[in-house]
Amino acid sequence: MRKPEINNKGYLECEHRQISSAASGATMIIKALEKENVDMVFGYPGGAVIPLYNKLYDSTLKHVLVRHEQAAVHAADGYARVTGKPGVVFATSGPGATNLVTGIANAYMDSVPLVIITGQVPCSSIGTDAFQEADITGITMPITKHNYLVKEVSDLPNILSEAFFLASTGRRGPVLIDIPKDIFDREAEFVYNRNRKIPGYNPTYEGHAGQISRAVKAIKEAKRPVLFGGGGLLRSGASPALQDFAEKARVPVILTLMGLGAFPGDNELYLGMPGMHGTITANYALTQADLIIAAGVRFDDRVTGKIEEFANNARVIHIDIDPAEIGKNVNIDVPIVGDVKTVLEALLKNVQPGDTAEWLQQIKGWQKNYPTLCGSNGAGRPIKPQFVIKELSRLSPENTIVATDVGQHQMWTAQHFNIKRPYKFITSGGLGTMGYGFPAAIGAKLACPDETVICITGDGSFQMNIQELATAVNNQLDLIIAVVNNGYLGMVRQWQDIFYNKRYAHTALEGNPDFVKVAEAYGAKGLRAAGENNVSSVIEEALSEKGPVIIDFIVDPEENVYPMVAPNCPINEIIFGGARS
Amino acid sequence: MKHVLAILVENKPGVLSRVAGLFSRRGFNIDNIAVGETVAPGISRMTITVEGSEKLVEQVIKQLHKLINVIKVSNLSKESSVMRELLLIKVNAEVGYRSDIQQIVETFRGKVVDVSPESMVIEVTGDEEKLEAIKLLLQHYGIREIARTGKVALLRGAAITREG
Ligand SMILES: Cc1ncc(C[n+]2csc(CCOP(=O)(O)OP(=O)(O)O)c2C)c(N)n1
Ligand SMILES: [Mg+2]
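Chains as they are written, first to last, in the working numbering: chain A, 1 to 581; chain B, 1001 to 1164.
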């Protein structure tokens, strides 16, 4: 081994020093991806990135050719959510870049680490409305953690290294690098330094000791505490710490849609999801709590309902890596800026349970009185959609990864699929992007080829990225696509039903294709179930198949998701609904 | 209440648009803005005046901190500081009124920087109150046009707003 040397600035130089040499911009990118241990890129070529693809052609890096750039971002996002590593995307300038926008916004809202590389028209053409020129750094400024337009190839190594660093530290998020075509071919010295320092970027990981002791004291004094956790728990790897904490402090746990899986769904301290379609127990518990320990959540309106009446009786401890989330929507008594895992571990050292026995008893009562029912006898026709989810949950292996789309089927999945482990449930939370689920499932399957992956989608959502069947078939992915086919944009129809006097304006999906035939046209397997007594057998058949399988579940077209809290109402004002007969 | 924020930023392309975009998309209003270089190479200083409650300004500052190119944000309204703005004002000034105008300008320690047969251009610096006062007095003669720089500000005493 080389001996460490002191350079002229007095810094110790050892492992961070890299052998330098001249390289083209395209080569730098491939080398940087190798140094960042990237094993897979999702992308779609075009004029401005041909030089990049030309170099990629010689490398061992796997490239997944999608059929629409939006799907490349969603797939990279699914990959990132199950692995925790940044997902990487390539796309060309102009329409290639603008097709990424929905995917980037989706990843930004859910704090998913991505590094996106777009081609741009050559430096000399920028600003002239050249063919396929779009100002993608301008367009994505509000939906990226940061972005770059590269003007000098010599800047590229540092920009690449910063992009990976920013995407995967602090509050995670997408970072975009826009690279003019000529930069891919220009050469400069390549030194890749992973020891990065950015003057304006310095996330806080350790919680403030004083605030942590205040939190410990508040927990000890609380009679009715709940831990209310979200996606931040997963991003920081806090699940084990959370479990230890909840058990030691005897605090029940509520998880948002984004947090599902961070705490075992079958643990006795688990109360379910809160908010608009949350469990009655979770909503009652949040309303009556005297202490809320909020961990990696951002108090979204779908969770809090009418904000003025949210948890009015509670003191609130808020742990979050992003200081801007603390106090944004709800006033906080004990703010703790830091990495959720690190802070929970610190709390764990000194935390003592308060006198919570009576509270836990009260909660047990709610759980008993208000169980999550699926409203089906197992032999009905048409199928109750909730029953499909229950059966998928029952029949799929322990480690199954579930990706959902957006709509009623998403909420039913959150309610009825028993999610026991972290990183097994991926869904579009903040943006609510129809079309997310299927490409995200593709990304997840490519990342975890040994796990069973099921995409639970709707007949509307699936058609937003249905072209990715080609990608799934081409990559021979053993993937189940369960289409909860109600013939409607069901979630919108439900609102029309409840709030607009059943005026179903343009929510009936007339002209839907035959999904079994669609599967077959792409060279995939298609199955169908129209009665509840067929549900388990088609699922079992699908689980035993190789390659992508679509199951078309013909379900009750007018089933609604309940319980429900109407928008901007307090979360204890619950519409119970109940299964239609 | 008005808050004057001093924002140190890396002088990178697009940084002004990142900061301005943040204000508009989160519904914060910029009253005025001034941008210039600092003594540190590569670092610029933006001085932004924003109107709003304590809570809103706290959120503005936190959101600004999230921009990667923003190095430091301080609320100068919270501390003792010197604030100045420059006003150029073109006023009607026919021969008979010139000495009156001249007198007002002197009282405000301003300068006449251009004279034409029917108008004068006057330069004044000061805090907002002073500029409003002279504007009010000169209105009497007929103001043709004004241009203002937006506020710049420094802490009083030896302390400085610095990176890190
Ligand atoms: C891209 C996009 N467009 C529109 C919406 C609004 N929207 C939310 S849910 C929904 C219906 C989804 O229909 P489907 O996928 O069939 O699911 P279902 O609710 O029927 O289960 C719509 C249109 C959205 N979330 N995303
Ligand atoms: Mg539907």
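These aren't lab readings, by the way, just hints derived from the structure by calculation. Hints may contain errors.
To give an idea of the chain A side of the interface with chain B (calculated C-beta under 8 Å), a few residues [stated by the list, open to error]:
# : residue
1 : Pro203
2 : Thr204
3 : Pro323
4 : Val516
Some chain A residues judged to face chain B by a derived CB distance under 10 Å, without partners named [to be verified]:
#  : residue
5  : Ala134
6  : Thr137
7  : Glu162
8  : Arg186
9  : Ala188
10 : Val191
11 : Tyr192
12 : Asn193
13 : Arg194
14 : Pro199
15 : Asp322
To list a few chain B residues with every Cβ distance to chain A over 10 Å, as calculated [claimed, not checked]:
#  : residue
16 : Glu1010
17 : Pro1013
18 : Gly1014
19 : Ile1030
20 : Val1057
21 : Glu1058
22 : Gln1063
23 : Lys1066
24 : Ser1074
25 : Glu1163
A virtual CB, placed ideally from N, CA and C, is assigned to each residue, including glycine.
These are the hints, each one checked on the structure:
no. : hint    : in the structure
1   : Pro203  : violated (10 Å)
2   : Thr204  : violated (11 Å)
3   : Pro323  : holds (5 Å)
4   : Val516  : violated (45 Å)
5   : Ala134  : violated (15 Å)
6   : Thr137  : holds (7 Å)
7   : Glu162  : holds (8 Å)
8   : Arg186  : violated (18 Å)
9   : Ala188  : violated (19 Å)
10  : Val191  : violated (20 Å)
11  : Tyr192  : violated (20 Å)
12  : Asn193  : violated (17 Å)
13  : Arg194  : violated (17 Å)
14  : Pro199  : holds (5 Å)
15  : Asp322  : holds (7 Å)
16  : Glu1010 : violated (6 Å)
17  : Pro1013 : violated (7 Å)
18  : Gly1014 : violated (7 Å)
19  : Ile1030 : holds (16 Å)
20  : Val1057 : holds (12 Å)
21  : Glu1058 : violated (7 Å)
22  : Gln1063 : violated (5 Å)
23  : Lys1066 : violated (6 Å)
24  : Ser1074 : holds (14 Å)
25  : Glu1163 : violated (6 Å)
Taken one by one, the earlier hints fail for this structure at numbers 1, 2, 4, 5, 8, 9, 10, 11, 12, 13, 16, 17, 18, 21, 22, 23, 25, listed in ascending order.
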